[in-house]
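Given the sequences, and given the hints that come with them, work out the whole structure.
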Amino acid sequence: MSDGAPVVHARGLSKRFGDFTAVDRLDLDIAKGEVVGFIGPNGAGKSTTIRMLCGLLRPSAGEAIVAGFDVARQPEAVRAHIGYMSQKFSLYADLTVAENLRFFGGIYRVPREELAARMRFAVTMAGLEGRETALVRTLAGGWKQRLALGCAILHRPPVLFLDEPTSGVEPKARRRFWDLINSLAADGVTILVSTHYMDEAEYCNRIVLIDGGRLVAAGSPTELRKHDLGGALFEMESATLGAALTVLRAAPGVVEAAIFGDRLHVLLAPAADPAALAPLLAARGIAAGPPMPITPSLEDVFVRLVSRHRAPEAA
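Each residue of the sequence shown is one higher than the one before, counting from 52 in this note's numbering.
Think of the hints as simulated: they come from the structure by calculation, not from any bench. Incorrect hints may appear among the rest.
To be verified - Think about it this way: if two alpha-carbon atoms lie no more than 30 angstroms apart in a straight line, the pair counts; the simulated DSBU-like pairs of lysine-lysine are:
#1 277 <-> 223
#2 83 <-> 223
#3 277 <-> 83
Structure representation (structure tokens):
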């Protein structure tokens, strides 16, 4: 990463749609070669922020500079210096791999004498050697995803925006995709990627959490895991998770309770007795295993931070 001026710089960035504020005075800096994970609940404002930074949406207030260009005054220059990939593959299903690459090469104005070499690089990166004449609709999700990334970087942009690019892709393909992201960052490409997979957040240099269009927290995965949750965290098993969750959320001493996969995570106040939880559930006819102390994950931290952020609104 570079210690120079940030490649992406935003101050007070806001976007309103009528009376609704989608992004509210967001500050953001991303250095050259940095991979920043953009995390938040659905509707938090992640996609709206990315579209403003790409020059696709005009901000209602604030400023943003991307690759040296103002997103409000120079949106076309911004778009010429970035790559963008959305959660919905932007490829043409009825064109072949090579035809898609050639089309996007034209859109990005890749010099004709360089296009063949750039296309070979994209095909190799995507692992599609020998499949250049295959129709895109016949490709598996992981291949489509890597091909879409190849199309987005044909013009060698210094900044790459990825809006939930691995949504719906199986884990092994997601891991290979992140290997590609990290190799691009190692070559100096600056990357902002939104994701709802917490394991992917671990691959980022830094994470930015937003909720309700506002910045909630930012830091490296290690820094964020050090946040004081305000109590001790326990895990419980139950065959009736929904019913157990309802009871626990109203129980004395429970700061927060949430379902994580097939188990419950329960945050208890320092003075609360974890041994009282299973009997409390049993008294309501809900069978549950004993609470076991656990180390908070990033997802636990995010749940707590978002809950704290929303607490003043509920007050």
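Which hint numbers does the structure go against, in order from smallest to largest? Of the numbered hints, all hold.
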